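Colleague: Top to bottom, those sequences are chains A and B.
Once you know that position 135 of the first sequence is 135 in full-length UniProt numbering, the rest is easy, because the numbers rise by one and skip nothing.
Once you know that position 16 of the second sequence is 16 in full-length UniProt numbering, the rest is easy, because the numbers rise by one and skip nothing.
Everything labelled a hint here was simulated from the structure, so no lab data went into it.
Since the structure is predicted, the reported quantities are computational estimates derived from the model, not experimental observations.
The beta-carbon is built from N, C-alpha and C at its ideal position, and this holds for glycine as well.
One thing to keep in mind: the hints can contain errors.
[As the list claims (entries may be wrong)] No more than 20 Å apart at the CA atoms, straight line, and that leaves these computed lysine to aspartate or glutamate pairs for EDC-like:
| id | chain 1 | residue 1 | chain 2 | residue 2 |
| --- | --- | --- | --- | --- |
| 1 | B | K52 | A | D40 |
| 2 | B | K52 | A | E8 |
| 3 | A | K158 | A | E124 |
[What the hints assert, rightly or not] Here are some chain A residues the structure puts well away from chain B; computed CB gaps all over 10 Å:
| id | residue |
| --- | --- |
| 4 | E33 |
| 5 | L107 |
| 6 | P112 |
| 7 | K158 |
[To be verified] Chain A is faced by these chain B residues, among others (derived, beta-carbon under 10 Å):
| id | residue |
| --- | --- |
| 8 | L46 |
| 9 | A49 |
| 10 | C56 |
| 11 | M129 |
2 protein chains.
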Amino acid sequence: MFSPLIKELIESLRCLPGVGPKSAQKMALYLLEREHQGADRLASALRNALDKVGRCSSCRTLTEESECSICRDEERDATRLCIVETPADVIAIESAGTFDGRYFVLLGHLSPIDGIGPEELGLEHLEKMVEYNQVEEAIIATNSTVEGEATCHYIAEKLKSKNINVSRIAHGVPMGGELEYVDGNTLALALEGRKKL
Amino acid sequence: MFSPLIKELIESLRCLPGVGPKSAQKMALYLLEREHQGADRLASALRNALDKVGRCSSCRTLTEESECSICRDEERDATRLCIVETPADVIAIESAGTFDGRYFVLLGHLSPIDGIGPEELGLEHLEKMVEYNQVEEAIIATNSTVEGEATCHYIAEKLKSKNINVSRIAHGVPMGGELEYVDGNTLALALEGRKKL
Ligand SMILES: [Zn+2]
Ligand SMILES: [Zn+2]
């Protein structure tokens, strides 16, 4: 019953996480009925981000800059490295406010079934970075899910062969939970209680 | 902590109904981490819809065509007119499957506080259309909210002066509810039980 362009808008909104047919329809009509300005801004922001956002040449987080703001920050201790799955995890740990080292962002976890191996996670780049920055301590803060633990184990084996301290973020983080939803205090405790691997 | 373009994407996603800061962040990272194709499609669909979707020259529903598919359909009875608030309401009534007339879409309701008066709802256009199509019966199916009832009352007074049958969709529709969320059967009953005003 909707015209082709409205149908296409509804369909394409379905790519957003948690958006089903009914909310996609509601969103499309809302934007067209009374939020042209917001929709215009969203279309431009999407296009811009798609065209320009890539990965930090150092930590591989998402950014349109060649190096992200944390990697550019001279005050941060480059010899301590926290390894996380996603940019949202960086934000979560930063909000805990107790870690002053740098990050490495895997943008995923090992998942052979989805074709995600060490190469897709940039683990060769990680090893080079560890050597280049003379990293002394690596804290692995992948999620406490099955895949996150497997990824942790794989990375730990790689890094321990380099004679650096490798630790796992403490399980103050609830098992099965996703890092980005844990509160700052729990994360601060989890960082403090890390165990050598 | 996010780069400017990612921040801007997160901010601009907030214009979507029901999307708070946390889901906007989740959506933005999801799109950039693993849904480039969907994001690209969404950016284009938004841009296209914004550039091209306007209003049907006849019923004023949202469409990029000069006349919408219902108004173009010769099989539909132009002498019977159902007046609704939004395009979603047209879809809801069509799904009931018992109405074979045409629609007039207000795209809102009278709301002096928001500066929405008879002109914004196209009520002059409605009167012309009623005359032009020699409408014999108008069914007012605005929402059963305070604003919807006030809008109904205003339109009914205008149309009754033209010597046509003006009715209100029956209140099988739950009071205070929004039309687009009512099931087809209830809507079919509500249409059948309409009362002359
Ligand atoms: Zn970086
Ligand atoms: Zn039309």
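Colleague: Decide, hint by hint, whether the structure agrees.
Modeller: Hints versus structure:
no. : hint            : result
1   : B:K52 / A:D40   : holds, 13 Å
2   : B:K52 / A:E8    : holds, 13 Å
3   : A:K158 / A:E124 : holds, 10 Å
4   : E33             : violated, 6 Å
5   : L107            : violated, 6 Å
6   : P112            : holds, 17 Å
7   : K158            : holds, 23 Å
8   : L46             : holds, 4 Å
9   : A49             : holds, 5 Å
10  : C56             : holds, 9 Å
11  : M129            : violated, 19 Å
Checked against the numbered hints given earlier, this structure breaks hints 4, 5 and 11; the rest are met.
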